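A.B. asks: First residue of the sequence shown? That's 1 in my numbering, and the numbers climb one at a time after it.
Just so you know, the hints here were simulated from the structure itself, not pulled from any lab data.
Because the structure is a prediction, the values reported are computed rather than measured.
Where is the CB? At the ideal position from N, CA and C, for every residue including glycine.
One thing to keep in mind: the hints can contain errors.
Think about it this way: if two alpha-carbon atoms lie no more than 25 Å apart in a straight line, the pair counts; the simulated SDA-like pairs of lysine to any residue are [unchecked claim]:
1) K133 x K146
2) K5 x P25
3) K147 x V136
4) K5 x L35
5) K21 x L11
6) K21 x S31
7) K21 x K2
8) K139 x Q150
9) K80 x E61
10) K80 x A70
11) K2 x M63
12) K5 x E50
13) K80 x L59
14) K2 x D51
15) K2 x L35
16) K48 x V36
17) K21 x F7
18) K5 x L39
19) K105 x Q120
20) K5 x S31
21) K80 x M66
22) K2 x M38
23) K5 x M38
24) K5 x E18
25) K21 x I9
26) K21 x L39
27) K133 x Q152
28) K133 x G155
29) K147 x I131
30) K2 x V13
31) K105 x F90
32) K2 x V40
33) K2 x L42
34) K2 x A12
Label pairs and their calculated CB-CB ranges [as the list claims (entries may be wrong)]:
35) F67 x D108: 47 to 57 Å
36) I131 x K48: 22 to 32 Å
37) I24 x P64: 25 to 35 Å
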Amino acid sequence: MKYMKQFSIILAVTCVGEILKYFIPLPIPASIYGLVLMLVLLISGLVKLEDVNDVATFLIEIMPMMFIPAGVGLMTAWSKLQPVLLPVLFITFATTVLVMLVTGKVTDALTAGQQVVDEQLEAAEKELTRIEKEEVRLKEEIASAKKAEQDQNNGREDRR
Numbered sequence: 001m002k003y004m005k006q007f008s009i010i011l012a013v014t015c016v017g018e019i020l021k022y023f024i025p026l027p028i029p030a031s032i033y034g035l036v037l038m039l040v041l042l043i044s045g046l047v048k049l050e051d052v053n054d055v056a057t058f059l060i061e062i063m064p065m066m067f068i069p070a071g072v073g074l075m076t077a078w079s080k081l082q083p084v085l086l087p088v089l090f091i092t093f094a095t096t097v098l099v100m101l102v103t104g105k106v107t108d109a110l111t112a113g114q115q116v117v118d119e120q121l122e123a124a125e126k127e128l129t130r131i132e133k134e135e136v137r138l139k140e141e142i143a144s145a146k147k148a149e150q151d152q153n154n155g156r157e158d159r160r
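Using the sequences plus the hints, can you model the full thing?
C.D. replies: So this is what it looks like as structure tokens:
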């Protein structure tokens, strides 16, 4: 009965994802709506992890079997896929390399920007330390001047 309840919750969330796909005219698959909805339900606590964990684990374990029909479909459609296979492989390889290059450049730029920020922060901290030392020195100088003035005033009073 526990598994039926867990499966029912997952099925209900999946169905709501399908309904959302029907009402929200965005090019997003219904499964994504379902996943986001499940995430929201788990984060909000409306659905506890224990309420779906066992069945979800089972479904993840058998997920590779779900690709068997797709693989068989590719084998049966091989005659149609063969003429476009090389262009598809080239495009896939080229876009993968392009994404890796862009990601690397963006990461380099972000790292360089962070280094500049770190250097500015370090310079600001050094300047703050210098100012604090100067403040301490000036306070000591003021205290010394006040003490000297007080000693001078005490010396005048003693002479009277």
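A.B. asks: Which earlier hints can't be squared with this structure?
C.D. replies: 2, 7, 9, 13, 27, 28, 35, 36
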